[in-house]
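Number of protein chains: 4
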Amino acid sequence: MITGVPGYLRHSGKNQKVILLKMNKTTGKKIWAIAEGYIPDWSNGPEPQMLSHETACLLNTSKQEAHIEITIYFSDRDPAGPYKLTIPAERTQHIRFNNLENPEPIPRDTDYASVIESDVPIIVQHSRLDSRQAENALLTTIAYSE
Amino acid sequence: MITGVPGYLRHSGKNQKVILLKMNKTTGKKIWAIAEGYIPDWSNGPEPQMLSHETACLLNTSKQEAHIEITIYFSDRDPAGPYKLTIPAERTQHIRFNNLENPEPIPRDTDYASVIESDVPIIVQHSRLDSRQAENALLTTIAYSE
Amino acid sequence: MITGVPGYLRHSGKNQKVILLKMNKTTGKKIWAIAEGYIPDWSNGPEPQMLSHETACLLNTSKQEAHIEITIYFSDRDPAGPYKLTIPAERTQHIRFNNLENPEPIPRDTDYASVIESDVPIIVQHSRLDSRQAENALLTTIAYSE
Amino acid sequence: MITGVPGYLRHSGKNQKVILLKMNKTTGKKIWAIAEGYIPDWSNGPEPQMLSHETACLLNTSKQEAHIEITIYFSDRDPAGPYKLTIPAERTQHIRFNNLENPEPIPRDTDYASVIESDVPIIVQHSRLDSRQAENALLTTIAYSE
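Here the protein sequences line up with chains C, B, L and A, keeping their order.
In short: position in the first sequence from 1, add 510, done, that's the working numbering.
In short: position in the second sequence from 1, add 510, done, that's the working numbering.
In short: position in the third sequence from 1, add 510, done, that's the working numbering.
In short: position in the fourth sequence from 1, add 510, done, that's the working numbering.
If you are wondering where the hints come from, they were derived from the structure by calculation, not from laboratory data.
Computed from a predicted model, the values in this text were never measured in an experiment.
Treat the hints with care, since some could be wrong.
Subject to a maximum C-alpha distance of 16 Å in a straight line, what follows is the list of computed EDC-like cross-link-like pairs (lysine to aspartate or glutamate) [claimed, not checked]:
{"id": "1", "chain 1": "C", "residue 1": "573", "chain 2": "A", "residue 2": "586"}
{"id": "2", "chain 1": "B", "residue 1": "573", "chain 2": "C", "residue 2": "551"}
{"id": "3", "chain 1": "L", "residue 1": "594", "chain 2": "L", "residue 2": "579"}
Between the sequences and the hints, there should be enough to build the whole structure, so can you do that?
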């Protein structure tokens, strides 16, 4: 989503690069989904770095605050949420699902999924540190967006 | 895919957020593919959490049941399937390929790939826990959609 | 890319599902890219499963053979290739970059990237097993497509 | 983005494959984002291979140099950058965020995110080797593009 891009930028030459920060431009989408969700039930290693955790990394490149709502889906009950967050302009926040408490904590050792909605375009990436065994395991993926 | 979004939501102000659950809206796509598939042949650690497994995480955010068909492709034989599943409205299911039995189980230690089709839009994410060695390894990715 | 979808399928009711295999339909894209490439130089554990390897998982859901060409890019020399492969109709092949020999093997412990082109639409996923230390590590991602 | 594709290629027969390197064709996008960023603070194993690192793998398949600018976003301060890089025509570079020094190094053990802009289309993939514990962990994902 590009707004207010001056015409000369569309025709910029080889030595004239686009500077994102100087434009009224935002990168991203308003609806994201993470179909894989699971908070392991135990950990090994020093906390907080090595505590097993599930994270949604949110990036707001816009000049406005992003108002976020997260909905959590389960296999056997109605969805929980919305969990409300605000991300300041030009900031990233790496949200640990472990820390979401309001309206209710997310149960451990339980399959879930999430939908993340924002009123300005953002970027969402999903990751997990699993330290249930002596050595940690990591996963990440860009989330689904539309 | 958005249906029946009231006009005021398209013009919602900074403090008025979109609530997904209150709308007749669905998020996702109807055709998904996972080109990487492999069920390891052995495991370490307590079951069922630490049993090596290959998972398709399916999320149905719609108000309708999703009827799913999975087709499994191999390197040296005709495809297997369809494997049929139903996901209730507003639910997620994390399907272990290990547990697909009908029309036939998926062989272990064998390369495969999968196509997942649904009659309503869904979101699909692929993940694997590999516990063949003492410490588990994890991978995940959003699946290909169209 | 959908061809020859009968009209009744577009209006199929709740209990009438789309069967991919029965249609002249193909899923995927013709150009894919994997920017991350690296074949580790040593391994631990039983071969071939635990040999460190870098894989492109290719899925051809069409009714035709797919003719594939892979080009390998480096940081400090001209590209290598094309490496030519054929994937039969309705088959998957999990190609280990370690095994590409013609026109030249891919060097170990060297950064590279790849572009994969096909004459019919396919799906490509990238994965790696790294067994340089005692416990294996895994990564995967859907490739970039256009 | 395809330019100058000769007409016969659009109608190429089953045995006539598209050769990317012989055309004035570029693959990719000009804006990429990685919402997950984190450089671990300690490592195990032989360097440089086993040093914990965070990487952006950049692939420039075009016939022109790509001029790249990276902006780093944080949770609690203004963005840093732009970090400027040049990738020669038909080359890949696997950039370690650890090594970005100008205008300022990226702090360790700190959440960040990045936006990568290029004046020609490129492909970007994100990966990390985490060797804080005895066994290394890996993650990767295609970045978000638009």
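Now for the hints, and whether the structure bears them out:
1. C:573 <-> A:586: Holds - the C-alpha atoms of residue 586 (chain A) and residue 573 (chain C) are around 15 Å apart, at most 16 Å.
2. B:573 <-> C:551: With Cα atoms ~31 Å apart, residue 573 (chain B) and residue 551 (chain C) exceed 16 Å; violated.
3. L:594 <-> L:579: 5 Å, holds
In summary, the structure is inconsistent with hint 2 from the numbered list given earlier, while agreeing with all the others.
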